[in-house]
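S.K.: Here is what each chain is made of, one letter per residue.
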Amino acid sequence: MDFNLTEDRRMLSDTLGRYLNDQYSLEHRNSVAYDTPFYDPAKWQELAELGVFAALAHEEAGGFGGAGGDISIVFEAMGKTLVCEPVLALLMASRLLSAAGKDQSSLLDGSTKYGVALSEPDAPYDLTDIAASADASHKLTGRKSAVYGAHVADRILVAARREGQLNLYEVAATDVEIISYGMIDGGGAGEVLLENTHAELILENACAAVQDATDAGVVALCSEAVGAMEIAYDMTVDYLKQRKQFGRTIGSFQALQHRAVDMLTEIEQARSLTIKAAAELGGAEASRYASMAKNMIGRAGRQIAEEAIQMHGGIAMTWEYGVSHYAKRIIMIDHQLGDTDYHLARIMADLNTA
Amino acid sequence: MDLNYTEEERAFQSEVRQFLADYLPKNIAAAVRAHDGLTKEMMDEWHAILNKKGWLATVWPKDFGGPGWSPVQKHIFEEECCRANAPRIVPFGVNMLGPVLQKFGTKEQQDTVLPRILSGEDWWCQGYSEPGAGSDLASLKTRAVREGDDYVINGQKTWTTLGQHANKIFCLVRTSTEGKPQEGISFLLVDLDTPGIEMRPIRLIEGGHEVNEVFFTDVRVPSKNLVGEENKGWTIAKYLLSHERTGIAGVGFSMQALEEVKAIAATIKRGAKRLIDEPLFAARLAKVEIDLEAMKITNLRMLFRAQEQGAPGPETSILKIKGSVINQELQDLARRALGPLAAPFPGHVSEGNLLFGPPDTAFNAARYFNNRKTSIFGGSNEIQRNILTKTVLEL
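Those protein sequence lines, which keep their order, are chains X and U. Its first residue numbered 0, the first sequence is counted upward by one per residue in numbering that gives the first Met the number 0. Its first residue numbered 0, the second sequence is counted upward by one per residue in numbering that gives the first Met the number 0.
These aren't lab readings, by the way, just hints derived from the structure by calculation. It is possible that part of the hints are untrue.
Said to hold, decoys possible - Reference excerpt, derived from the structure (chain U facing chain X, CB under 7 Å, subset only):
| no. | residue |
| --- | --- |
| 1 | G133 |
| 2 | S134 |
| 3 | W158 |
| 4 | L203 |
| 5 | K268 |
| 6 | L279 |
| 7 | F344 |
The beta-carbon is built from N, C-alpha and C at its ideal position, and this holds for glycine as well.
Model the full assembly from the supplied sequences, consistent with the hints where possible.
M.R.: Take a look at the structure:
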């Protein structure tokens, strides 16, 4: 047993952490996260040059990583600095293009951006609810909702059904109607409207591939949440040590001390399951552990975000004070790739078969 | 014991309902329902409609032009207003400064200030908190020094709600540094047009502007604007904070929010199922409904006690704690229900409200974040627990 990072991953972690600390201050992040195009194209290119995107892909796909541990390191570092670049879409697209055996060199060098269109208004989380349809000549019809990366995409990968079977299609972003928007926690996404849209079928019977991409995305989001929760926690403990009321630091009040300790405990638990889910990614039980981790992240995230705000008091309610942006991101992660209840239901369904 | 309203109270309820049906403008109710677009003009309009009816200053005694309602009647009125999506009246003049002047103000202050509160000519805001004085309000540092017939104010106030619409502010200021911090505080009325005052907006977590910082630099205020005695302002502050506690639980708002969440959950689909048929979501919703049902009765019990004893007791802190938590839980559900569609920044989908989900839900995530304030402001839930620890538990 060894919980230490491998040499390669430690270098990746150090390099990325240093770069983001130097180049991606919260002030800079907030200046790009909430206005079109909701990311920083220059930083996007620098991340590509640093090898961050290649670290998310397997060697066969042209990368040098792609394991759960690699994904975790990248997204935890990005969670700590609230990176709003559309990297989640890149990761999921990379998994899907790999499964389809498609070249992805232009994805990994950052020059072609992909959106990943899975969820729909009536199918927010569960892949079996997907209703978008394809006809015999691969024309797609349906509405894809909260599509990660759609606001900047050149190409869009679409999960749609043909005679009940879930297939994966690729469309040019210029061939579909995209309604782009920024999100309340920064970054962008879009609605994708398909109406007899010409598409290329790239993978038939794509259930397993879509599930794998989703599991990888869940590991990424859980890791991002762990990074963001750690910073929210650090900021809270710092504040408890600095802020004085009633002639003493508020951190001297036991009522607050114990709640800060509870935050620490929940973060450690969330980190543990995230490590486990990352380790299982690609294996037979990947989905099960991804669901466990995402359920726990949903619960811990709400506690950490709400307690960080409450213990700070009014200052945390302001846009100017950074913890508010961490709280928003932590909470909204529960709205991506399945919320805490959705993943709990999946674990509940497993109880019968145990 | 009888948990039902009396015949008179039911008749009153019908009268309020009829009034709201007849006089609450549809566009104002729509803005309240959508949690979007309630303007100063709309707030002024509703203020004027209530004033004309004599139902604006519900907390004022009859002698000062109040309707003379019992606590239960006030509760019924608030509940019906929430149900009808009437805007909450701006409380600073009517519910806060009014009662203070009626108890502590001079005849001149009462005669000049009170009518202008009712008419809406003056919009008051509150200068209490400071960057260094939040929960520990008595540590406030904004100085007011007596010079001839004036006080000269220097310092900074913060969290001044809707100050951007106001022309007047009432402030707690330090007039003495002798003795205990509570003993050197005074209550001053200040015209916001006075030279040396600067109001700056504070942008909130969800992007909205409802609170402000107010900076005072050598601001000269006539000494006749002092309310009560110099250095006795803390008594007034405490009176103001404890005076009007009906409605502190926000039961009417939570009842309305519960109905909204039920409607959303019956509309949203998860595959072939409605969200409300998903057991885990339904369980969350049912639990809040149970909590709220208990809160309604707890609230009425405390109202009844206030009515019997003439004043609310410290137990009302229970209403503040539990009421804010229930409201926040409902906001959590309203956000959660939307799934991925909770994420769009409201400003980006204002016309897309129809496009992106059930009607009037574009602000659900924003409201969830904004409503974290309810367990912080007006004495945080930690401070409410301290009050209960001291006064009820006597620990």
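S.K.: Against this structure, judge whether each hint is valid.
M.R.: Here is what the structure says about each hint:
Taking 7 Å as the C-beta contact cut-off toward chain X, the hint placing G133(U) at the interface holds, the least distance being around 6 Å. Taken as an interface hint, S134(U) checks out: its beta carbon lies about 5 Å from the nearest beta carbon of chain X, inside 7 Å. The criterion of a C-beta within 7 Å of any C-beta in chain X is met by W158(U), whose closest approach is roughly 6 Å, and the hint holds. Hint status for L203(U): holds, given a least beta-carbon distance of 6 Å to chain X, under 7 Å.
Hint status for K268(U): holds, given a least beta-carbon distance of 4 Å to chain X, under 7 Å. Residue-level restraint check for L279(U) holds (minimum Cβ-Cβ distance to chain X is 4 Å; threshold 7 Å). The interface hint given for F344(U) holds, since its Cβ lies 5 Å from the closest Cβ of chain X, which is under the 7 Å cut-off.
No hint from the list above goes unmet by this structure.
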